[in-house]
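Peer 1: Single-letter residue listing:
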Amino acid sequence: MKWDFIDEYEAWAFKISLGLVLVFFVAVIGIAVLKGIDVPTCVTDFKPFDKGELVQIGPREYQLKLLARMWSFQPNEVVIPVGSKVTIYTTSLDVQHGFEIEGKAVNLMTIPGAVNKAEIVFNRPGEYRFVCNEFCGIGHQSMYGVIKVLPEAEYEKWKQEHGM
Amino acid sequence: MKIEKYLRNITFWHMMIGILSLATGVTFGLFQVLARAGIYKYGSFTYGTKIYYQGLTLHGVLNAIVFTTFFIVGFLYIVTEVSLKRKLNRGLVHLSFWTMVVGTLLAAWAILTNKATVLYTFYPPLQAHPAFYIGATLLIVGSWIAILNTVITHLKWRNENPGKLTPPPMVAVHATYAVWFLATIGVAVEVLFFLIPWSLGLVKSINPELARTLFWWFGHPLVYFWLLPAYLSWYFLLPRIAGGKLYSEPMARVVFLMFILFSLPVGTHHQFSDPGISSTWKAVQAFLTFMVAVPSLLTAFNLAASLEYAGRVRGGNGLFGWIKKLPWGDYRFAGMIGPMIVFIFGGISGIVNASYNVNQVVHNTSWIPGHFHLTVGTASAMTFLTLSYILMEKLFGKRPWSKKLATWHAYLWVVGVLIFSWGMMQLGRAGIPRRTHLGLSPYMNLEEKILMGISAVGGVLMFTSFLIYFINFLATVFKKPDVANVEEVDLEFTDAYHRENENLPRYLDNFTIWIAIAVFLLIVTYGPIFYDVFRSTYAVPNAFSPFNPLNLIK
Amino acid sequence: MMENRDLKDFKPKGAVAFFIAMILMYAVMWFAIYALLIISRGG
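Protein chains in written order, with the numbering used here: chain A, 1 to 164; chain B, 1 to 554; chain C, 1 to 43.
Next up, chain A with everything else stripped away, as it sits in the complex:
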């Protein structure tokens, strides 16, 4: 192939451009493979559901079935102890919604007829706001909830107070 119609400066611009995007690509795939920081994938082993709930499935391990509907999340308040690993499954009963946890870079489309999934560990106590980030009708702007990550002692106290 003859590329002599391109001069040396252009050839360098080409190599640098290609190099830049390849560095970016290696960086994103690198943390996906090495640290498991990945995007959601195709879920085939979990059918759409119509009830949202938090289920403890092991020590410090939870399954959060999160249901979105116009215009609220079920559940809209989740309380877990610090250090918990939460597997989130989410779907919608009506239209498309979004589910985004502030500060955790968990960002899922919540689609009727499909189940979306993410795994996340909460290593720091605090209140994590989550919001709907896809337009779902006129109540969209008030669709939000909170995940409360409590220190061990506080969590035990909270459990007793709520009879769990």
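Honestly, I wouldn't trust all of these hints.
[Claimed, not checked] Covered stretches of chain B, going by a simulated chain C footprint (3 or more residues, C-beta under 8 angstroms): (1) 89 to 102; (2) 359 to 368.
[What the hints assert, rightly or not] Residues from chain C that keep clear of chain A, each with C-beta distances beyond 12 angstroms, as calculated: (3) Arg5; (4) Asp6; (5) Lys8; (6) Leu24.
Hints in this document: simulated from the structure, not taken from any laboratory.
Even glycine gets a Cβ: it sits at the ideal position worked out from N, Cα and C.
Go by the hints and put chains B and C onto chain A.
Peer 2: Quick look at chains B and C alone, frame taken from chain A:
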């Protein structure tokens, strides 16, 4: 080239319909920033939210679809005739125009009567009136007729000019239309086979994930349909306006051909957060999206070199001394260099969006409107507004009513959009969602409200800038021509420092090859994606109005 | 007019400098967001 009166007039109406749509859309844009900042409430809560999202639908559809499509089709007619020195088919020009007008009127009626408040992505199961979907289809079909007309004209030119290279501006026209045609197939399938039958009540169920995937098949290549005509102007008009030459003509051609290759199999980077598509194929399309960044980076270099050439011709010295010598006070220069500078930031924010898992930080947050007001909202839209002045002069002999205002509108917009987008992007990083009437959101904290206010300041400046443009443009339209009875139209395409010559490999003038590879990439990447969607998602018997949480399907 | 003046043997040194600066700025901005992802997912 002598441009017939009918084509000059119809190009004017393409432009005018576009600009009037934009004016309407921009006005709602102003209300939106004010409403989000909690300054303007639109009356009662119910009325306010209804009209906020209706306005947002108008803002998106009018600015991003109606304005761009009409303007681009009109502008590319002129580029085609001038660069090929050959006439388009008059009947097809009219057929295309009226099809697009009828489509626009249908969709506009549905939105204005609040029967299609579904935003410009019209994701089901939110359901719009059938007129909205049918109108959108007609708008697209109308643009297909324009493509057909252009291709026929080019083929005839080829027969008459065997062995001649396609003129470089025409390469850009082809790239624009190739991308647009292949992209619109996705949305046409979505609308014709799923949304229209479902909105008419002929079928009860719809698969929302399938609809999304088809939409984004169209939705991202769409941005190159907006961008490439701006690139055309930056490559082939701006260097001469600046007083220089395009640095490399062959490189410009390679760039446009790369856009044909990589613009299309990239839509899934809007769906990184979606269920129903395996992460492997998301990564493949992320990679291809990175590849489509390469021609834009090359454009940055080629245009910088062209401007450096101009600055040195004008007596600039030193590594950066040439920058000072560029004609910053020329409205045509201001109106293109402004968007180019802004696009530098649009580019990197776009690469962030495309960056696979990094996208999780910004997906559907305010970062996204922050990003695309730098790209389509400035790089494309402002270049088109500058072109509207240039076309008024070239087609009708009317120079801008005020060149000063035309220059200042450009710089004011740059300042406005940078403030606006900076605020929106900071909000996005804080996790604030897009497409949301945040003025009524219970979850905004003080810092976020302040950022919202800052972006509103930017929005007000943008609106002011547009208002200056709009008044100046209308005054230009209604003034007496400076040059009477224009017949010859010369767009003054630039000369090149490195020109194309006979040694150019012929495959760089064969569009069929590049389009065929693009189709191949589409099939190879989208095949497995549709397989994933079919095996893991379901159609649901849902249809909802945005105003009521009750299913319309019993 | 100036358009008739041609430069002989033009080397786009300034454009090269601009381009490298732009690429470096891109890398810095991009890795800032990239770091945000790692931090937010890590803690």
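Peer 1: Once the closest CB in chain A is found, is it more than 12 angstroms from aspartate 6 of chain C?
Peer 2: holds (17 angstroms)
Peer 1: Verify this for me: three or more residues of the stretch 359 to 368 of chain B with a beta carbon less than 8 angstroms from a beta carbon of chain C.
Peer 2: holds (count 3)
Peer 1: Evaluate the condition: distance from the CB of arginine 5 of chain C to the nearest CB of chain A exceeds 12 angstroms.
Peer 2: At roughly 21 angstroms from the nearest Cβ of chain A, arginine 5 of chain C sits farther out than 12 angstroms, so the non-interface label holds.
Peer 1: Per the coverage rule (Cβ-Cβ under 8 angstroms, at least three residues), is the stretch 89 to 102 of chain B covered by chain C?
Peer 2: Per the Cβ count (0), the hint is violated.
Peer 1: Would you assess whether leucine 24 of chain C, listed as outside the interface, keeps its beta-carbon beyond 12 angstroms of every beta-carbon in chain A?
Peer 2: violated (10 angstroms)
Peer 1: Checking a non-interface call: every C-beta of chain A should be farther than 12 angstroms from the C-beta of lysine 8 of chain C. Is that right?
Peer 2: Label holds. Min Cβ-Cβ 15 angstroms, cutoff 12 angstroms.
Of the numbered hints listed earlier, those contradicted by the structure are 1 and 6.
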